[in-house]
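Enquirer: Protein chains in written order, with our numbering: chain A, 1 to 133; chain B, 1 to 320; chain C, 1 to 240; chain D, 1 to 182.
Please note that a few of the clues may not be correct.
Over 12 Å on every C-beta distance to chain D, these chain B residues come out as not near it, computed from the model [to be verified]:
#, residue
1, Thr24
2, His35
3, Val59
4, Val62
5, Gln63
Computed cross-link-like contacts, EDC-like style, restricted to lysine to aspartate or glutamate with a CA-CA straight-line distance of at most 20 Å [unchecked claim]:
#, chain 1, residue 1, chain 2, residue 2
6, C, Lys159, C, Asp169
7, C, Lys170, C, Glu157
8, B, Lys64, A, Glu50
9, C, Lys159, C, Glu108
10, C, Lys72, C, Glu108
11, A, Lys127, B, Asp291
12, A, Lys126, B, Asp66
13, B, Lys316, A, Glu109
14, A, Lys51, B, Asp291
15, A, Lys126, B, Asp291
16, C, Lys166, C, Glu156
The hints are simulated quantities; they were obtained by calculation from the structure and are not laboratory data. Built from N, CA and C at the ideal position, the CB exists for glycine as well.
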Amino acid sequence: MPESTVPTISAAGYFHTYSLVGLVAVVGVLFVTVAFTTGHLLRPMVPTREKMLTYECGVDPVGDGWAHTQIRYYVYSFLYVIFAVDAIYLFPWATVFAAPGFGGSTLVEMFVFLGFLAVGLLYAWKKGVLEWA
Amino acid sequence: MNPTLDMVLRAVGVLVVFMVLPLTVGQAEHKVMAHMQGRLGPMYAGGFHGWAQLVADGVKFVQKEDIVPTGADRRVFQLAPVVALLPYLVVLIAIPVGPHGFVGATVDAGLFFVLAMMGVGVLGSLMAGWASANKFSLLGALRSAAQLMAYELPMLLAAASVAMAAGTVSLPGLLSAFHWWWIPWQLVGGLVFFTAGLAELQRPPFDMPVADSEIIFGAYTEYTGLRFALFLLAEYAGIVVLCALTSVLYLGGWHGPWSGSVGWLWTLVKTGLLAFVVIWLRVSYPRLREDQLQKFAWTVLIPLSLLQIALTGIVKVVIS
Amino acid sequence: MSPIPGHGLAKGLAVTLRTMTRRTVTQQYPETLPELPPRSRGVIGLFEENCTVCMLCARECPDWCIYIDSHKETTPAAAPGGRERSRNVLDRFAIDFSLCMYCGICIEVCPFDALFWSPEFEYAETDIRELTHERDTLREWMWTVPPPPALDPAAEEPKELAAARKSVDKLAAEARVAVQAPPAPAAQPASAAQPAKGATAATDANTKDATDPKDATAAKDATEPKDDKGPKDDKGGERP
Amino acid sequence: MNLAVASHPGFLSPTGVEITFVLVGLITLGAALVTVTTKQLVHAALWLVVALGGLAVEYLLLTAEFIAWVQVLIYVGSVVVLLLFGLMMTKAPIGRSPDADSDNRWTALAVAVLAAATLVWVVVDAFRSTWVSLGGAAQGSTEVTGEFLFRQWVLPFEALSVLLLAALVGAIVLSRRDSRER
C-alpha cells in the first residue's frame, strides 16, 4: 500500500461511529415493535370474510393480483443499474482529483469516463428508449 | 460523559427528532395547503388552530383494526412499512445540525451513506405492492420503483458535484469547506438534487405511484391503521431528510450570521423553508404523466447534472 | 408560448402564494352560522291552512317522497236552500327527506301556496327513518321562511297586490254606487276582512312585508281563488 | 472470510468486532441458503436482500466503508430491484411456485460448491500474507479508495466505462428487437 496523502480516521472512531448507526437501527426496530405491540393491545379484531377481501378499487377483485406489465420498466431499471455503476466511481474520484499530485490529468480521465457515459445516454436517447410510447 | 450514556442519548435524540420533525412538517402541510386554497385547515384538535391534529390522527391510527387481505402474502405485507420507514431514521443520524460536531455521528462516507440508505426505502414500496394481491398496488409498486431508479441517478450525480467541490464525502467535512459562493456555483446541481429528491419521495407533482385517481393509492391501498401510518411517517420523514440534506449540501447548512452560537437554528430554518417549498409545489402543480416523468429524468435532469459536474471539475482545477 | 421558459411554472406558484396571504373563506360553522340568502333551499315547510289536498305536489314529486292522507267533510249549506259543500281535510302530510332531492317541483306546482322553501338545514338524524317529517315539523319550519327580498325600487308592483287593489277599488266603487246589489255569498266574509289588509299592503307595496306569504296568500284568497298566476308570480324570482 | 479473525494474535479472546463479524457471517450464510432453497420466488429475492445487506455489514466491519455503501447502493438498491422487476413482470405469484424447481439441483449444487471452492482458494492464495488491521487506521474510506483507483488502476477504470457502454448498447438492442416483434 502506498503512503497515503489523505488524513486517515482511526479505526476506534470508525467503529464508534458505526456502532452508533447500528444502535439507531436497533432503536428504530424497538420503536416499531413497541408501536405494533401497543396497536395490538388497543385495536379491535373482528375479521369477517368480506373485510378480508382484497379491496382493490372497491369492486370485488377479478383474477389474481398478478398482471402483465410493460417491459419498458425493466429497460429503465437496467439503464439505471449501468449508470449507477458508472456514477459511484465519481465519489472516490471527487475526493482526490483536486488533491496535490492529481489535478488536470485526473480530471481528463474522469471526463473520458463521463464521455463514454454520455455517449451511452445519447445512444439510448437516439434509439428512442427514453421516449415512453 | 459516560460513552455508553452518550451513545444512548444520541440515539434517543435521533428518535425524538424523527418523531417531532415529520409531524411538524405534516401539520405545516395541513395548514399551508389549506391557506393556499383559501381554507383554514384543521382547527379543533388541541385547541389552538388544531395543532394536535396529527397526534389525534396517530391515536386514531393505533386504534384501527389491522387488516391483512386473505390473498396477501402475510409476512411480506406486514414487514413492508418497516422496510420503508427505517432507512430514513438511520439516515438522520449522519446529518450535521450545527458547528463543532453537533451531529449524531460523523460518518466518514456520510453523503454516500445517506444516498445508499435512501435507495433502500423503495424495497418497502415494492414489497407492499407485490404482497397486497392487488393489481393496482402492483402497478403502483412498479411505478415507484421505476421512478426511484430514474431519479436516483441525477441525485447521485448532483451530489457527486458537491463532493468534488469540497473534496470529501463526509457531511460535516463538506460544511467546513463551504463558502458562500458555492450557492451560485452549485445552483444547477442543487435544483436537480431537490427535484430528483421530490420525485424519489413520490411527492406531487411526481406522485404517479400513488395517483389516487388512477391506481387508487398505489402500493398502499390495502393498508390500514398503524401500518398505513408508518408509510405516511416515512413520507414525511423523507421530506425532512431531503430538505435537511439539500440545505447541508447546497445552502451551507449551519452557515450564516452568528453561526457559532445559533448554527443549529440556521439548519432548522433552511430545512423548514425547503419543506415549505415542498408543500408549495404540491399545492401548485398538477401531477405529471408516467412517461413525462421518465423522460424528464433522463433527458433533462441527467444531462444537467453532468454539465454541473463538468463545471465543478473545471472551476475546481482552475482555482486550485 | 411565453418568452421566458418556466414562466408558467412561476405563475402557478405566485397564484398559490397570493391566495395564502389573503383571508380564508372558511366559515367555522357550528360557531358562526352561515348567512343564507332568502331563497336558500334548506327544507320544505308546509303552510297547511292553504293546502286543499289537491295532491298535485305528491303526484309531481319525481321520487314520490310526499305522503298525503285526507278525508272529506261536508259543510252544511250556508244559506237555506243552498247546496251542501264538501271539502277535503288534511290528515297527514309528510315528506321523506331521505328521498327528497330538493328539486322544488312540489313548491312550484302548488296552486295555493302551501309549500315554501325554508333555509333551515340542521335537521340531520342518526336514523334514516327519522328523516320522514310529519306535518307538525313541516309547519314548524314554515315559521322560519324569511320574507322574500325587496323588489327593485322601480319594479312593477306584484301582480297579486295589483289584483287586490283593483278588487278593493271595485268594492269601494260598488259600495259608493249602490247598496242594493248583493255581493257573492261566499266571498263576503273574506272581503269584509281582507280589503283593509290588502290596502295596508298596497300602501307600502315595495317593502318586504308586502309579500309576506300569509298576507299575500290571504290577499289572493280574497280576490280570485282560481287565478293560479298569482302564486306563480309570487315566486317568480326563483325561476332562472 | 475468516482472515481477519485468524490472523489476529488474540484468536482465543476475540473482540466485539470479531464476534459481530462471525455472527453476521452466519446470518448472511443462512439467508443465502434460504434464498436458494425457498420455493417462493419473491421471497428468494427478499432473502437475497438480507444476504447482500449482511455482506455490506461485513464490509463495514472490515473498515471497507466505501465498498460497503456501494454494496448497499448498487446491490440492495438497484440489482435486487431489477431482479424483483424481472420477477414481477414474468410471473411471481403469491405463494409457492412448484415449477420454480428444476431437476438439476444436484448439478447446481456441484457447480456452486466448485465455484465457492475456487473463489476461496483464489482469495486465500492472493491475500495469504496481508491482513486487515482493525486496531490502527480505517483503511477503506472513500479517499483511500479514490487514491488507489486513480494512482494505480486508471486503465482498468477507463476500460470499465467501455464495458459498461457495451452492456448498455446490448441491453438497448435486445429490448428494441423485442419491441419490434410485438
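Enquirer: Under the constraints set out in the numbered hints, which ones does this structure not fulfil?
Expert: Numbers 10, 12, 14, in rising order.
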